[in-house]
Amino acid sequence: MREESHSCQAKIVCEDITKVFIQKGTQRVHVLDHISLDVKENEFVVILGPGQSGKSTLLRIIAGLETPTEGSVRIDGREVDGPGPDRGLVFQGYMLFAWKTVLGNVEMGPKLRGVPKKERREIAAHYIHLVGLDGFENHYPHQLSGGMKQRVGIARAYANNPQVMLLDEPFGQLDAQTRYFMEKETARIWETEKRTILFVTNNIDEAIYLADRIITLEGKLPGRMNVVYNVDLPRPREHTDMAFLKLRHKITEASALTL
Amino acid sequence: MADIANEVQQQVRERRPLTLSVVLKNRWFLYGLSILVFFLVWDMTAAAKAFRSGLPRPHEVALQLWRMLFDPLAGKSLLGHVWASTQRILIGFTIASLVAVPLGLMMALNRYVNAIVKPLFDLLKPMPPLAWISIAILWFGIGETSKVFIIIIGTFVPCLLDAYNGVRLVEPELYDVIRMLGGKRRHEIIQVCFPAAFPAIFAGLQIALSIAWSCVLAAELVSARSGLGFIIILGMNLSRPAMIVGGMVVIALVAWSMSQLVSALERFVCPWKREIDGR
Ligand SMILES: Nc1ncnc2c1ncn2[C@@H]1O[C@H](COP(=O)(O)OP(=O)(O)OP(=O)(O)O)[C@@H](O)[C@H]1O
Ligand SMILES: [Mg+2]
Chain A
1 MREESHSCQA KIVCEDITKV FIQKGTQRVH VLDHISLDVK ENEFVVILGP
51 GQSGKSTLLR IIAGLETPTE GSVRIDGREV DGPGPDRGLV FQGYMLFAWK
101 TVLGNVEMGP KLRGVPKKER REIAAHYIHL VGLDGFENHY PHQLSGGMKQ
151 RVGIARAYAN NPQVMLLDEP FGQLDAQTRY FMEKETARIW ETEKRTILFV
201 TNNIDEAIYL ADRIITLEGK LPGRMNVVYN VDLPRPREHT DMAFLKLRHK
251 ITEASALTL
Chain B
260 MADIANEVQQ QVRERRPLTL SVVLKNRWFL YGLSILVFFL VWDMTAAAKA
310 FRSGLPRPHE VALQLWRMLF DPLAGKSLLG HVWASTQRIL IGFTIASLVA
360 VPLGLMMALN RYVNAIVKPL FDLLKPMPPL AWISIAILWF GIGETSKVFI
410 IIIGTFVPCL LDAYNGVRLV EPELYDVIRM LGGKRRHEII QVCFPAAFPA
460 IFAGLQIALS IAWSCVLAAE LVSARSGLGF IIILGMNLSR PAMIVGGMVV
510 IALVAWSMSQ LVSALERFVC PWKREIDGR
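Heads up: the sequence lines are chains A and B, in that order. For the first sequence, position 124 matches number 124 in my numbering, and the numbering has no gaps at all. Position in the second sequence counted from 1, then plus 259, gives you my numbering.
Honestly, the hints are just simulated from the structure, not real lab data. Treat the hints with caution; some may be incorrect.
Here are the simulated DMTMM-like pairs of lysine to aspartate or glutamate, each with C-alpha atoms no more than 20 Å apart in a straight line [what the hints assert, rightly or not]: (1) K11/A <-> D38/A; (2) K184/A <-> E119/A; (3) K184/A <-> D212/A; (4) K443/B <-> E66/A; (5) K100/A <-> E447/B; (6) K443/B <-> D86/A; (7) K443/B <-> D81/A; (8) K184/A <-> D134/A; (9) K100/A <-> D134/A; (10) K246/A <-> E193/A; (11) K100/A <-> E432/B; (12) K100/A <-> D330/B; (13) K184/A <-> D205/A; (14) K250/A <-> E238/A; (15) K100/A <-> E79/A; (16) K250/A <-> E193/A; (17) K220/A <-> D81/A; (18) K532/B <-> E137/A; (19) K100/A <-> E525/B; (20) K194/A <-> E66/A.
Heads up, incomplete: computed chain B residues facing chain A, CB under 7 Å, no partners named [claimed, not checked]: (21) P378; (22) L428; (23) P431; (24) E432; (25) D435; (26) R438; (27) G441; (28) H446; (29) I448; (30) I449; (31) W531.
All values reported here derive from a predicted model rather than from experimental measurement. Yeah, the Cβ is synthetic: ideal placement off N, Cα and C, and Gly gets one too.
Using the sequences and the hints given, assemble the complete structure.
Written as structure tokens, this is what we have:
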């Protein structure tokens, strides 16, 4: 009974996902082991795990870019069997189109769906404004800093109006200050335009700052789910709050045991 | 909200006082200097008869070129000969690139095309284009066809190879972006594959162009009644070094202009690269 109502509400349901890559024909790499998780509508869930724990792989499976060896992913109750515009993916390495301007990058989603030019310009302008890139519409990616590039990546994903946002270590390549600034921005954008967000990171502070719920992965392959933390600190959060630091301590202690 | 990006773009034009060191480091000054020194060394070497009468002085070459502009050689003025060579290149280069670039793209995109074309191509690729000259003359005679044929053979390889590799080297995750945004296979090709391969294609065209000049010269040296290669051979037969060097200078000028034209086309087609190789 309880189970039932739970899965009705959940936006993303991952059931028992296992992934084994076959490398060079014979070598098996067991990357994910029986991962089950669900994310509620408009929830901000962070997957926290050290490098090489299969985080990107999990996100790519949910995105539909990889197929799980076992298990399944459902979005709104519908099984995922390929990439689709109901999910927006922000890539670890930006992956902007170098030959398109900021505007051209952001309007790509609507363009592919056949939205008329005038309308998609408006959509793009809205999201360029949302991520704070007004005035940079006609810049090419190589003219932008790392933080600005990832803003374009985020705006591009949002502009396609996905129901679920998947972010793969979006700020992994940024310096500490810019990263902190971008986390604030992410929280702001999420408050402005609520979406279901699955955010991958290896940074504990980032996880606590952003998440409603943190799912930790074990540090060794295959990636297994470890502890799940509910973060019910009031927003906007402060990195120096007592409660923040306490949770940080708790997660550090717990993950130190498994690393 | 513009300052939310944490960065404000400013147009700053630096004004530095005109000191000797600024002049010495100026790009244009250095360009000019290097060319001036080249001509001086050339002139001094020629004046000192280092190659006996084999090396004309720069002004003798200029004079020779000026004369050839008006006095026809073998029925054609200098411009006529320039056009003869250029025309051969344009025809051969156009045919080769129109066939080779799409073929290279198709090879990279479709493994059946690849499986059929690649072995043949790999077999013919290492053969130097000039090795084809004799057989081309046997097949097509000494007329235009054999020269165009050599150019096609020579330019086909870099055109095809660079188009092929250009597609091969595209970051596969960029295709994932298109798929995530709801695009189909044809969108992946149009929106990612082609634009990402453009710079490589143009690099191939530039290489092809310089090979085309080698090919047309070789073909004209073997047999021709027109073209810049003919001028050079004529200069040799008449023992007129100024004519030989003049021919060489004109070839350099025309080849350089054509490669500038291709660069301009590239800047037009790939505007995103403009600022990258701006310096
Ligand atoms: N397509 C693939 N084929 C074979 N092995 C793969 C493939 N993709 C990922 N792997 C392997 O899966 C493991 C986990 O990779 P993944 O990218 O998911 O880790 P990650 O947690 O995202 O790491 P990071 O924090 O460095 O991004 C790696 O050891 C990698 O070698
Ligand atoms: Mg990763």
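Now the hints, each set against the structure:
1. Of the supplied pair hints, the one linking K11/A and D38/A holds, its CA atoms being roughly 7 Å apart against a limit of 20 Å.
2. A threshold of 20 Å between alpha carbons decides the hint, and for K184/A with E119/A the separation of about 29 Å lies outside it, so the pair is violated.
3. Straight-line distance between C-alpha atoms of K184/A and D212/A comes to about 15 Å, which keeps the hinted pair within the 20 Å bound.
4. A C-alpha spacing of about 17 Å is found between K443/B and E66/A, which places the hinted pair at or below 20 Å, so the restraint holds.
5. With a C-alpha separation of about 14 Å, the suggested pairing of K100/A with E447/B holds against the 20 Å cut-off.
6. For the hint pairing K443/B with D86/A, the CA-to-CA distance comes to about 15 Å; that is within 20 Å, so the pair holds.
7. Taking the CA atoms of K443/B and D81/A, the gap is near 15 Å; set against the 20 Å cutoff, the hint holds.
8. With a C-alpha separation of about 18 Å, the suggested pair K184/A and D134/A falls inside the 20 Å cut-off, and the hint holds.
9. Straight-line distance between C-alpha atoms of K100/A and D134/A comes to about 16 Å, which keeps the hinted pair within the 20 Å bound.
10. Straight-line distance between C-alpha atoms of K246/A and E193/A comes to about 30 Å, which puts the hinted pair past the 20 Å bound.
11. At most 20 Å may separate the alpha-carbon atoms for a hinted pair to count; K100/A and E432/B meet this at roughly 16 Å.
12. The straight-line distance between the Cα atoms of K100/A and D330/B is roughly 53 Å, outside the 20 Å bound, and the hint therefore fails.
13. Between K184/A and D205/A, the direct Cα distance comes to roughly 12 Å. Compliance with the 20 Å bound is thereby established for this hinted pair.
14. Of the pairs offered as hints, the one joining K250/A and E238/A holds, with about 17 Å between alpha carbons and a cut-off of 20 Å not exceeded.
15. Of the pairs offered as hints, the one joining K100/A and E79/A is violated, with about 33 Å between alpha carbons and a cut-off of 20 Å exceeded.
16. For a cut-off of 20 Å, the pair hint linking K250/A to E193/A is broken: about 31 Å separates their Cα positions.
17. The straight-line distance between the Cα atoms of K220/A and D81/A is roughly 28 Å, outside the 20 Å bound, and the hint therefore fails.
18. This hinted pair checks out: K532/B and E137/A have alpha carbons roughly 17 Å apart, not beyond 20 Å.
19. Restraint check: the Cα-Cα separation between K100/A and E525/B comes to about 15 Å, which is no more than 20 Å; the hinted pair holds.
20. Between K194/A and E66/A the CA atoms are separated by roughly 27 Å; this puts the pair beyond 20 Å, and the hint is violated.
21. A distance limit of 7 Å between C-beta atoms decides the matter here; for P378/B the minimum to chain A is near 24 Å, and the interface restraint is violated.
22. Look at L428/B: its Cβ only gets to about 13 Å from chain A, farther than 7 Å, so that hint breaks.
23. Interface restraint check for P431/B: the shortest CB-CB distance to chain A comes to about 10 Å, outside 7 Å, so the restraint is violated.
24. Below 7 Å, beta-carbon pairs count as interface contacts, and E432/B has one with chain A at about 5 Å; its hint therefore holds.
25. The restraint placing D435/B at the interface with chain A holds, with a minimum CB-CB distance near 5 Å, inside the 7 Å limit.
26. With 7 Å as the threshold, the beta carbon of R438/B comes within range of chain A, its nearest partner Cβ sitting at about 4 Å, so the hint holds.
27. Among the interface hints, the one on G441/B holds; its C-beta lies about 4 Å from the nearest C-beta in chain A, closer than the 7 Å criterion.
28. The interface hint given for H446/B is met, as the beta carbon of that residue sits about 5 Å from the closest beta carbon of chain A, less than 7 Å.
29. Proximity of I448/B to chain A is violated relative to the hint, the smallest CB-CB distance being about 13 Å (cut-off 7 Å).
30. The closest approach between the C-beta of I449/B and any C-beta of chain A is roughly 10 Å, which is over the 7 Å cut-off, so the hint fails.
31. Because the beta carbon of W531/B sits about 5 Å from the nearest beta carbon in chain A, less than 7 Å, this interface hint is met.
Against the hints set out earlier in the document, violations occur for numbers 2, 10, 12, 15, 16, 17, 20, 21, 22, 23, 29 and 30.
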